[in-house]
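If you follow the hints, you should be able to join the two separate chains into one complex; please do so.
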Amino acid sequence: MNKQLNFGMLKSCAKFGKDIIFTRFYIRVFYLVTILFLSSCSHDIVLQHESQHNSGSVFETKYSMIFVIHGDGDYLYHDTSDNEYIADEEALLNAKKVAMQNPNAEVFIFHQKPRNHFLFFFPLRDGEFYYYRNGQLLENELYWRDQEKSNLDFEVAAYHRFRKVTPNKLINIFLYFGHEVPEFGGAGYDESYSDRTFNIDDLTNGLKGFISDSSKFDLTILSTCFGGTPYTIRKLGSLSRIIIASPANLHLSYFDLKPLQQLDLNIKDGDIISFAKYFAQQSFNKLSSNVQTEVSVVVYDVEKIQPFLKSVYGDYDSTLISLKDMTYAILATIEHCDCADIPTYQLSTINNGVDVFYRPARFGRSKNKLNHSGWECWKY
Amino acid sequence: MKQIIAFVSFLLMFVLVTPVNAGGKGELQKHFNNVANKVKATENATEKREILNDSFQDMSKALDKLQSTGMISAEDQVGIDGLKAALKENQDELAGINGYERVPDSQLNSFSNYVVQNMEQADSTVTISVVALVLIILLAVLLF
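Sequence order for the protein chains is A and B.
So for the first sequence, numbering that gives the first Met the number 0 puts the first residue at 0; every next one is plus one.
So for the second sequence, numbering that gives the first Met the number 0 puts the first residue at 0; every next one is plus one.
Mixed in with the good hints there might be a few duds.
To be verified - In silico DSS-like cross-links for lysine-lysine, where the CA-CA straight-line distance does not exceed 25 Å:
no., chain 1, residue 1, chain 2, residue 2
1, B, Lys-37, B, Lys-83
2, A, Lys-168, A, Lys-215
3, B, Lys-39, B, Lys-87
4, B, Lys-83, A, Lys-378
5, B, Lys-83, A, Lys-366
6, A, Lys-285, B, Lys-39
Claimed, not checked - Which stretches of chain B does chain A cover? Using the computed rule of at least three CB atoms under 8 Å from a CB of chain A, they are:
no., segment
7, 42-49
8, 77-85
9, 102-110
Claimed, not checked - Which chain B residues face chain A? A few, computed with CB under 7 Å, are given here:
no., residue
10, Gln-28
11, Asn-32
12, Asn-36
13, Glu-74
14, Glu-119
15, Gln-120
These are calculated hints, taken from the structure and not from any lab test.
Source: prediction; values computed, not measured.
Every residue, glycine too, gets a C-beta built ideally from N, C-alpha and C.
If we strip away everything but chain B, and leave its shape as in the complex, we get (with noise of 0.2 Å):
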């Protein structure tokens, strides 16, 4: 048996090769596309707006957490604030201050898609390190 596992671990070790595209960029679109998703899924305009609201706060939240740890680099913290603003203007949008038109109710599934398609082609999450996406997504999915 000991041979059968060894020689399976060999095969597979000898076949296998790292995926390095599966990092943490990916992992933050899917959040945000997850997001989308429950606010399609959802009747309720106005549990569509806790929904994106909630989502805009716990992210903003897991990001300054991460960026008061100091285990990030400087570049990673140009980013982070570039995701931060980014997020500040959607959650702005959504509830209609700063000089935005609140989004109407029936318009929250597209606002959403727009906030997936803004963050996918987002200059700053292009310059933000795999492995602080990871803790980004890590502190967002398990603190809040």
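Pulled out of the complex, with its shape left as it was, chain A reads as follows (with noise of 0.2 Å):
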């Protein structure tokens, strides 16, 4: 009996011992999980101090890049081997690519990410920042877009917050990788947040904040489908020197970035639009070898397209006007075209400061299409 006790006291002394043991793994696991949940909704992910920013490097800075890559949409693509890819997972991935081999660039990364909760209720912060300079990773934040309207206050907040004072004059890039940015309206460009608008004149006017009010970006490029409108080029037109931008469908952010991987290397004595031309190129090669949809790649040069848009900017605002007051069932039947195929738009500035890389999809309407304008309009 005495056996029976001690070994019944045994059993519940070892069962006493094994709940203490099993109390301790679950509390330094839940604090584990506690300081992996704070950390995730901390405010910033610093990566060096901030001293160590203004820290002087063999390199001399002399390019300053921004990138803007939305990725609240769908944006899953695949590739003809089957391959699947997320277009701003991949465009993030090579953006971070020419952060780190461009050793006199400094660059701002802003990846838009969807609305996520943790825990279900709990919201999770929906954009990241990079900042690189000489190649190096100096900062990595996660951030609050925009809650209401899109200005990209973060953005600009950021950029101001870490790039370099120099005296010199940097030559200023900007990229944006999205879906088409709306005319007009734009309720609904971010998936996950429905009542939220982004249009053209939203991101202009953020575009604004980057740069003082007698400079311009030396380039932009503008990764979405129907770019080359007359309105989006006059708006980004009015901020930049040299714009990259399709007018047609560009299939999910493709364009090439090798090009801007060794800057040094392709932008020889500053000619910003040679080198304009090299990316358009590499990236209708690119994209020709790649889709059997429709490739439209092209370079504006904002001085030399002014006569041209001077002439058409009242009717194409007209034809906008009109759009505006439509209902959402009659806008979806309306398409976009090539403006030389509408008789106003036919007019002899219209291949004035345009570099255009076409071929038309392999299939389709307008397989036999030889030509493009370089400039979208709407067939109305």
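Written as structure tokens, this is what we have:
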């Protein structure tokens, strides 16, 4: 009996000991998870101390690049070998490569992500910011995007917080990756914020924050569908000297960023227009070899396109005003077309200042279309 | 054991974040991509045409069914109309009717890639809600 009692006591002691071990284990794991949770919600993932941002470097900073990558939408695509890609993740990966391979550049990358929740209730930050200088990642922060109207408030503030102040004139490049930025309206641009609007006016208002009154971006790269419309180019042209955009559909964020990886080699004597043409040609080649759909990449020299824009902007704006008043159902039936297909736009200046790299879709109604003017209009 | 299950559940709840991005749009694209893979895996041109044609027809029927249920919003109706129109164009081109040249046998693989890429960048799929897209996939896959 004693034996039985002792065995029983031993068993209960062992169980008690086991419980204590388990309880301690749970507590430790709980602490670990709590720490992980708190760090996931922390404001900054600071990689280097502020003083290091301003430390001297053997590399002179000559280029400043700002990437805004919109990832709050449907960005899935497949290549012909059945590999699946998320376009914004690909753009982010390539932007980081550009940042790391340019020792003479500072690079700001803003990744706009979908809204997610922790434990179904607690909203998580929906933006992530990376700052590279001289090929090194100096800052990585999670942030809240604008909750109502999108004017790139955080993006502009972060730019001014970290940008390198230098007496030398930097070559400024702005890049936007995402779906077509609407010319009006823009509700639902973000899949996870259906009430938030974002359109080309919001984008250009935001961009004003990055540059001073007298300066402009040397190059703007708009990696979206239907970027080459008279309205979009006029708006972006007020803030940029050279623009690269696709007037028609652009297979999801597919501009080839390799030419940006070694700017010192590819931009010779500060010749941006030659670089822009080289960039456009490379993107066109990559797209043409990978997709069966229409490919159009255009370089706009903003000064030289002014006569055409001044001639057509009245008509184009009237069209936009008419479209704004239409119901969604009617609007959805109106397609885009080459401006050259509309008599009002068939002007002698239409080809001035544009370098067009075009190949029609391999199939579909327009497969025999040989040329594109570089300007996209509404078929209305 | 119950303690462990409860704890693991708690832990999973704590660390898991709901993936919002895995919506119906991706599934719709995967559906067309699977069709393209089947086409490419088939040697016979007649079979390739059948696979493509059947997929267009099945998808169109699924869209019709969904529209007739009255379960979807007016905006989704518009988006679905756009998707149906795109499918009809593809179907016509495959058959060489309504002003199209028939897609040559040698280009059927490329045509299947075109269908996928066109769908991936189509405005109509961008404007259809996730719920409607999930319903489309369910109908297309389960009913046909």
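Here is what the structure says about each hint:
no.: 1; hint: Lys-37(B) x Lys-83(B); verdict: holds (22 Å)
no.: 2; hint: Lys-168(A) x Lys-215(A); verdict: holds (12 Å)
no.: 3; hint: Lys-39(B) x Lys-87(B); verdict: holds (21 Å)
no.: 4; hint: Lys-83(B) x Lys-378(A); verdict: holds (20 Å)
no.: 5; hint: Lys-83(B) x Lys-366(A); verdict: holds (20 Å)
no.: 6; hint: Lys-285(A) x Lys-39(B); verdict: holds (22 Å)
no.: 7; hint: 42-49; verdict: violated (count 0)
no.: 8; hint: 77-85; verdict: holds (count 4)
no.: 9; hint: 102-110; verdict: holds (count 4)
no.: 10; hint: Gln-28; verdict: holds (5 Å)
no.: 11; hint: Asn-32; verdict: holds (5 Å)
no.: 12; hint: Asn-36; verdict: holds (6 Å)
no.: 13; hint: Glu-74; verdict: holds (6 Å)
no.: 14; hint: Glu-119; verdict: holds (5 Å)
no.: 15; hint: Gln-120; verdict: holds (5 Å)
In summary, the one numbered hint that this structure violates is 7.
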